[in-house]
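Kindly produce the complete structure, drawing on both the sequences and the hints.
Residue numbers (the numbering used here), protein chains in the order written: chain A, 1 to 107; chain B, 1 to 121.
Simulated from the structure, these hints should not be mistaken for lab results.
From a predicted model like this one, the values you see are computed outputs, not experimental measurements.
Note that CB positions come from ideal geometry on N, CA and C, so glycine has one too.
Please note that a few of the clues may not be correct.
Claimed, not checked - Simulated pairs of lysine-lysine, DSS-like, Cα-Cα distance not exceeding 27 angstroms:
(1) B:K74 - A:K39
(2) B:K23 - B:K3
(3) B:K3 - A:K45
(4) A:K107 - B:K67
(5) B:K74 - A:K107
(6) A:K107 - A:K39
(7) A:K45 - A:K107
(8) B:K23 - B:K67
(9) B:K63 - B:K23
(10) B:K23 - B:K65
(11) A:K107 - B:K23
(12) B:K65 - B:K19
(13) B:K19 - B:K74
(14) B:K63 - B:K19
(15) B:K67 - B:K19
(16) B:K65 - A:K103
(17) B:K74 - B:K3
(18) B:K23 - B:K74
(19) A:K39 - B:K3
(20) A:K103 - A:K39
(21) B:K19 - B:K3
(22) A:K39 - B:K23
(23) A:K45 - A:K103
As the list claims (entries may be wrong) - Computed list of chain A residues with no C-beta within reach of chain B, every gap over 10 angstroms:
(24) S26
(25) P40
(26) P46
(27) S63
(28) D70
(29) S94
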Amino acid sequence: DIQMTQTPSSMPASLGERVTISCRASQGISNYLNWYQQKPDGTIKPLIYYTSNLQSGVPSRFSGSGSGTDYSLTISSLEPEDFAMYYCQQYDSSPNTFGAGTKLELK
Amino acid sequence: EVKLQQSGDELVRPGASVKMSCKASGYTFTDYAMHWVKQSPGQGLEWIGTIIPLIDTTSYNQKFKGKATLTADKSSNTAYMELSRLTSEDSAVYYCARVYTTDYYYYFDYWGQGVMVTVSS
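What follows is the structure, given as structure tokens:
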């Protein structure tokens, strides 16, 4: 199985700050990489699909980039509702696998 | 509006089985595969498997073969997952999720609210 290493595991940040979360795959995944957000109540929604495509309804402050084994999610200016868990997911090979998550916390 | 409504939380005894449901609405049930994902306490997400309701075809993560059984009822637009021979390792929140897929895209665009399964005597 492809291992997805997400860093950092937690990140204290302030409102308005620009933050970047990284995800490294154990082998190349050809941009087959998604990002999800999980709120404290357990609700999960997609943010970015196929590395850099913004899901409908997701604010433009979210963006994704990367290639090969290294990918990132950037939030350009943190809003209160962005403090949550974030997960990357690869679907280059089965089983699709997720990173361990990054907890974005209010500093 | 697409919605995946999962059944309620479960408290089950070790060695028993549990069957949970995921009722889909707001779209044609047979047009999309349904996936199931496990989230252990304080842990990340693990893909369990998928079912294509149109043809009742399933595919499982090798790790969950023999543990999870996926079924679907087209008449009620409901997907089911049964977990057998439960142990404390199965205590987790289980999500159903619809997949959106094209040539390059494959992502879970709608998720259920999750079912918490607690295995305890």
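Results for each hint:
Between K74 (chain B) and K39 (chain A) the alpha-carbon distance is near 31 angstroms, which puts this suggested pair outside the 27 angstroms criterion. Our distance criterion of 27 angstroms between C-alpha atoms is met by K23 (chain B) and K3 (chain B), whose separation comes to about 8 angstroms. With a CA separation close to 12 angstroms, the supplied pair K3 (chain B) and K45 (chain A) stays within the 27 angstroms bound. Restraint check for K107 (chain A) and K67 (chain B): the C-alpha separation of about 41 angstroms exceeds 27 angstroms, so the hint is violated.
With a C-alpha separation of about 48 angstroms, the suggested pairing of K74 (chain B) with K107 (chain A) is violated against the 27 angstroms cut-off. The straight-line distance between the Cα atoms of K107 (chain A) and K39 (chain A) is roughly 17 angstroms, inside the 27 angstroms bound, and the hint therefore holds. Pair hint K45 (chain A) plus K107 (chain A) holds up; C-alpha atoms about 24 angstroms apart against a cutoff of 27 angstroms. Of the supplied pair hints, the one linking K23 (chain B) and K67 (chain B) holds, its CA atoms being roughly 22 angstroms apart against a limit of 27 angstroms.
Proposed proximity of K63 (chain B) and K23 (chain B) is supported: the alpha carbons are some 25 angstroms apart, at most 27 angstroms. For the hint linking K23 (chain B) to K65 (chain B), the alpha-carbon distance of about 23 angstroms falls within 27 angstroms, and the restraint holds. Taking the CA atoms of K107 (chain A) and K23 (chain B), the gap is about 39 angstroms. The hint is violated against a cut of 27 angstroms. Simply put, K65 (chain B) and K19 (chain B) have alpha-carbon atoms about 16 angstroms apart, close enough for the 27 angstroms limit, and the pair holds.
A hinted pair counts as satisfied when its Cα atoms are at most 27 angstroms apart, and K19 (chain B) with K74 (chain B) qualifies at roughly 17 angstroms. Between K63 (chain B) and K19 (chain B), the direct Cα distance comes to roughly 19 angstroms. Compliance with the 27 angstroms bound is thereby established for this hinted pair. A C-alpha spacing of about 12 angstroms is found between K67 (chain B) and K19 (chain B), which places the hinted pair at or below 27 angstroms, so the restraint holds. Pair hint K65 (chain B) plus K103 (chain A) does not hold up; C-alpha atoms about 31 angstroms apart against a cutoff of 27 angstroms.
The straight-line distance between the Cα atoms of K74 (chain B) and K3 (chain B) is roughly 16 angstroms, inside the 27 angstroms bound, and the hint therefore holds. The suggested pairing of K23 (chain B) with K74 (chain B) holds, with an alpha-carbon distance near 10 angstroms, which does not exceed 27 angstroms. Between K39 (chain A) and K3 (chain B) the CA atoms are separated by roughly 17 angstroms; this keeps the pair inside 27 angstroms, and the hint holds. Proposed proximity of K103 (chain A) and K39 (chain A) is supported: the alpha carbons are some 10 angstroms apart, at most 27 angstroms.
Among the hinted pairs, K19 (chain B) with K3 (chain B) is consistent with the structure: their alpha-carbon atoms are about 20 angstroms apart, no more than 27 angstroms. For the suggested pair K39 (chain A) and K23 (chain B), the alpha carbons sit about 22 angstroms apart, so the restraint of at most 27 angstroms is met. Among the hinted pairs, K45 (chain A) with K103 (chain A) is consistent with the structure: their alpha-carbon atoms are about 15 angstroms apart, no more than 27 angstroms. Every CB of chain B is more than 10 angstroms from the CB of S26 (chain A) (nearest about 15 angstroms), matching its label as outside the interface.
The Cβ of P40 (chain A) sits about 13 angstroms from the closest Cβ of chain B, beyond the 10 angstroms cut-off, so the non-interface label holds. Non-interface status of P46 (chain A) relative to chain B is broken: a Cβ of that chain comes within 10 angstroms, the nearest being about 5 angstroms off. With a closest Cβ-Cβ approach of about 16 angstroms to chain B, S63 (chain A) is found to remain outside the 10 angstroms limit, as its non-interface label requires. At the 10 angstroms boundary, the C-beta of D70 (chain A) stays outside the reach of chain B, the nearest C-beta of that chain being 19 angstroms off.
Residue placement check: S94 (chain A) does not keep its beta carbon more than 10 angstroms from all beta carbons of chain B (closest about 8 angstroms).
The structure fails hints 1, 4, 5, 11, 16, 26 and 29 (numbered hints given earlier, in ascending order).
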